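With chain A's structure known, arrange chain B on it following the hints.
Residues per chain, in single letters:
There are 2 protein chains.
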Amino acid sequence: MKLATLQDGTPDGALVVISADTNRYLLAGETVATLQAALERWPTCAPRLAALADRLAQGEGQPTAAARFAAPLPRAWQWLDGSAFASHGALMQQAFRLPPIETDLPLMYQGMSHQFLGPRDDVPLPSEADGIDFEGEFGIVTDAVPMGTSAAEALAHVRLIVQLNDWSLRTIAPVEMKTGFGWIQAKPACSVAPFAVTPDELGDAWRDGRVCLDLAVSWNGAHFGNANGAPMSFGFHDLIAHAARTRPLPAGTIIGSGTVSNPNYREVGSSCIAERRGIEIVDHGAPRTSFMRFGDTVRMEASLPDGAAVFGAIDQRVVAQGDARG
Amino acid sequence: MKLATLQDGTPDGALVVISADTNRYLLAGETVATLQAALERWPTCAPRLAALADRLAQGEGQPTAAARFAAPLPRAWQWLDGSAFASHGALMQQAFRLPPIETDLPLMYQGMSHQFLGPRDDVPLPSEADGIDFEGEFGIVTDAVPMGTSAAEALAHVRLIVQLNDWSLRTIAPVEMKTGFGWIQAKPACSVAPFAVTPDELGDAWRDGRVCLDLAVSWNGAHFGNANGAPMSFGFHDLIAHAARTRPLPAGTIIGSGTVSNPNYREVGSSCIAERRGIEIVDHGAPRTSFMRFGDTVRMEASLPDGAAVFGAIDQRVVAQGDARG
Numbered sequence: 000m001k002l003a004t005l006q007d008g009t010p011d012g013a014l015v016v017i018s019a020d021t022n023r024y025l026l027a028g029e030t031v032a033t034l035q036a037a038l039e040r041w042p043t044c045a046p047r048l049a050a051l052a053d054r055l056a057q058g059e060g061q062p063t064a065a066a067r068f069a070a071p072l073p074r075a076w077q078w079l080d081g082s083a084f085a086s087h088g089a090l091m092q093q094a095f096r097l098p099p100i101e102t103d104l105p106l107m108y109q110g111m112s113h114q115f116l117g118p119r120d121d122v123p124l125p126s127e128a129d130g131i132d133f134e135g136e137f138g139i140v141t142d143a144v145p146m147g148t149s150a151a152e153a154l155a156h157v158r159l160i161v162q163l164n165d166w167s168l169r170t171i172a173p174v175e176m177k178t179g180f181g182w183i184q185a186k187p188a189c190s191v192a193p194f195a196v197t198p199d200e201l202g203d204a205w206r207d208g209r210v211c212l213d214l215a216v217s218w219n220g221a222h223f224g225n226a227n228g229a230p231m232s233f234g235f236h237d238l239i240a241h242a243a244r245t246r247p248l249p250a251g252t253i254i255g256s257g258t259v260s261n262p263n264y265r266e267v268g269s270s271c272i273a274e275r276r277g278i279e280i281v282d283h284g285a286p287r288t289s290f291m292r293f294g295d296t297v298r299m300e301a302s303l304p305d306g307a308a309v310f311g312a313i314d315q316r317v318v319a320q321g322d323a324r325g
Numbered sequence: 000m001k002l003a004t005l006q007d008g009t010p011d012g013a014l015v016v017i018s019a020d021t022n023r024y025l026l027a028g029e030t031v032a033t034l035q036a037a038l039e040r041w042p043t044c045a046p047r048l049a050a051l052a053d054r055l056a057q058g059e060g061q062p063t064a065a066a067r068f069a070a071p072l073p074r075a076w077q078w079l080d081g082s083a084f085a086s087h088g089a090l091m092q093q094a095f096r097l098p099p100i101e102t103d104l105p106l107m108y109q110g111m112s113h114q115f116l117g118p119r120d121d122v123p124l125p126s127e128a129d130g131i132d133f134e135g136e137f138g139i140v141t142d143a144v145p146m147g148t149s150a151a152e153a154l155a156h157v158r159l160i161v162q163l164n165d166w167s168l169r170t171i172a173p174v175e176m177k178t179g180f181g182w183i184q185a186k187p188a189c190s191v192a193p194f195a196v197t198p199d200e201l202g203d204a205w206r207d208g209r210v211c212l213d214l215a216v217s218w219n220g221a222h223f224g225n226a227n228g229a230p231m232s233f234g235f236h237d238l239i240a241h242a243a244r245t246r247p248l249p250a251g252t253i254i255g256s257g258t259v260s261n262p263n264y265r266e267v268g269s270s271c272i273a274e275r276r277g278i279e280i281v282d283h284g285a286p287r288t289s290f291m292r293f294g295d296t297v298r299m300e301a302s303l304p305d306g307a308a309v310f311g312a313i314d315q316r317v318v319a320q321g322d323a324r325g
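For the record, the sequence lines run as chains A and B.
For the first sequence, numbering that gives the first Met the number 0 begins at 0 and goes up steadily by one.
For the second sequence, numbering that gives the first Met the number 0 begins at 0 and goes up steadily by one.
This is chain A alone, in the form it adopts within the complex (with noise of 0.2 angstroms):
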């Protein structure tokens, strides 16, 4: 089942399933008005979403060319980012010359969770100077998870799956890593891919509680990195367990993989501009790569086996903050 958001000017947007080709979609709102609602009576709601996506099946529904997406979660109660491709963090500490992050555990951080921008909105920033940068990742929405659930019980709590692209600025990104605090300023809001869709839908590449899967990425139309989720080092399920370790988590957590990173990434290329500065300072000794100016462009989008962009598109450009159409 697909899952999607419709901009309504409500805070939390209005529930729609997407048919099967992504081509047509049905308002879910006799049934439930959003998304966060459906996750919190998941086991009520999931097979009368399911009646709307036979209903799509037989035809009906509106096209989804004309409407103007959300993020799945317009606006959330917890984000909780990891950083599982260990190919990613050798590189920078290679590149960067820091010290081996000292840890068995997965690194995850807490980032902002009131505002995930559209796949199309404008991302509005302060100042080019900030170093801006995208990351490309998948995600995970749990339901309600207890504090305590193991790994082994957490799979079950994944309901859905997203991509998307956590935002980062290279400049901040350091300093506020220093203090051991984490991010603030360096982590503006997220953007995600149109669909949220339930794990099924990826057939195999759903194993492992990792979604192996290519992550195409370009930025102002030019191919920049076709990664595969496949190498984390810690599956979902862990990142789950991880956190619900002190803490309850809430139905609509979403959770991140990290910017998606696979050891051949001079082969495959990268989901984010500082991994390839990290690979052009280790082959020449300085970047060549500048970060993101407003009016650039990126694309993410994932595809199956067969070809289809299974969570949509995120396909955006950055503005100064106040030019934004939002």
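Heads up, a few of these hints could be off.
One copy or any two copies: either way a pair holds, since identical chains are not told apart in the list.
Within a straight-line C-alpha distance of at most 25 angstroms, the following computed DMTMM-like cross-link-like pairs (lysine to aspartate or glutamate) qualify [to be verified]:
| no. | residue 1 | residue 2 |
| --- | --- | --- |
| 1 | K177 | E279 |
| 2 | K177 | D207 |
| 3 | K177 | E127 |
| 4 | K177 | E39 |
| 5 | K177 | D53 |
| 6 | K177 | D121 |
| 7 | K177 | D295 |
| 8 | K177 | E101 |
| 9 | K177 | D103 |
| 10 | K177 | E266 |
| 11 | K177 | E59 |
| 12 | K177 | D322 |
Keep in mind that the hints were calculated from the coordinates and are not lab data.
Remember, it's a predicted structure, so these values are computed and weren't measured experimentally.
For chain B alone, coordinates are given in the frame of chain A:
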């Protein structure tokens, strides 16, 4: 004006206005049902809530003695905690031989905000071995703050002042801090004193964006500390501007001061056990005070010069997860 939230089985509870002597309350229900809603439409709601305060001044209302208070915001879209008392940081560095934190900016982390415990709720935690500690703090609650708001503009966005306990797990905290990603497991749900008050309620004690009141802390009934909120290195207006540099803040954002600490901590005591242990390490080479055990209680209360406990008291018990009475 003093506001509070009654536990009523809903996630956001029921907003009430509290009498000046804190002995009576009136439900705000018909005016505005929740504190979150009031903060989203403050210019409209505040006069209506003030009218209820006038009725309380005429002697109307129910007794607060029998009321069961939630946190003023039982859940919030954003919780950002500073660490603005320099004497605390300096002592921790001295005691634990940590390198100084390299930044001229305020220290701040983003914590879980989907759950704030009420002032008398039990505090369920998984293990005494995690090093259970309290952190007595003051905090402010904002209305919506645009991205890029300056410190000079920020004070006008402080709608309410609160007093809270930022529960901390000290065995985990340094491990997570070393990653640079901030805290997940080390920072479970905070607790908040019952009354959220408008700045005018503090009179001269609200100045320079600081809550210039003593915070009386007792542990298992024994006096523990009485530090004053004045000597923050950054005022709350600075913390708001710091947070809003690259993001808008939603109405209902709570920003904390960090554990209240004074340079003369040997005289006034501390607002967290970690600080007392730090003093012991400096004085004796090793800590003598253990962290909390299940069944331990902590009470926190700040009084105006006339003796009135303006925020009410946090008075609660730590229990093993599963043993909580909610």
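Structure-based check of all given hints:
no. : hint        : in the structure
1   : K177 x E279 : within (23 angstroms within a copy, 27 angstroms between copies)
2   : K177 x D207 : neither (33 angstroms within a copy, 28 angstroms between copies)
3   : K177 x E127 : within (22 angstroms within a copy, 29 angstroms between copies)
4   : K177 x E39  : neither (37 angstroms within a copy, 35 angstroms between copies)
5   : K177 x D53  : neither (52 angstroms within a copy, 50 angstroms between copies)
6   : K177 x D121 : neither (30 angstroms within a copy, 35 angstroms between copies)
7   : K177 x D295 : neither (29 angstroms within a copy, 35 angstroms between copies)
8   : K177 x E101 : both (14 angstroms within a copy, 7 angstroms between copies)
9   : K177 x D103 : both (19 angstroms within a copy, 12 angstroms between copies)
10  : K177 x E266 : neither (32 angstroms within a copy, 32 angstroms between copies)
11  : K177 x E59  : neither (54 angstroms within a copy, 54 angstroms between copies)
12  : K177 x D322 : neither (32 angstroms within a copy, 38 angstroms between copies)
Checked against the numbered hints above, the structure violates hints 2, 4, 5, 6, 7, 10, 11 and 12; every other hint is satisfied.
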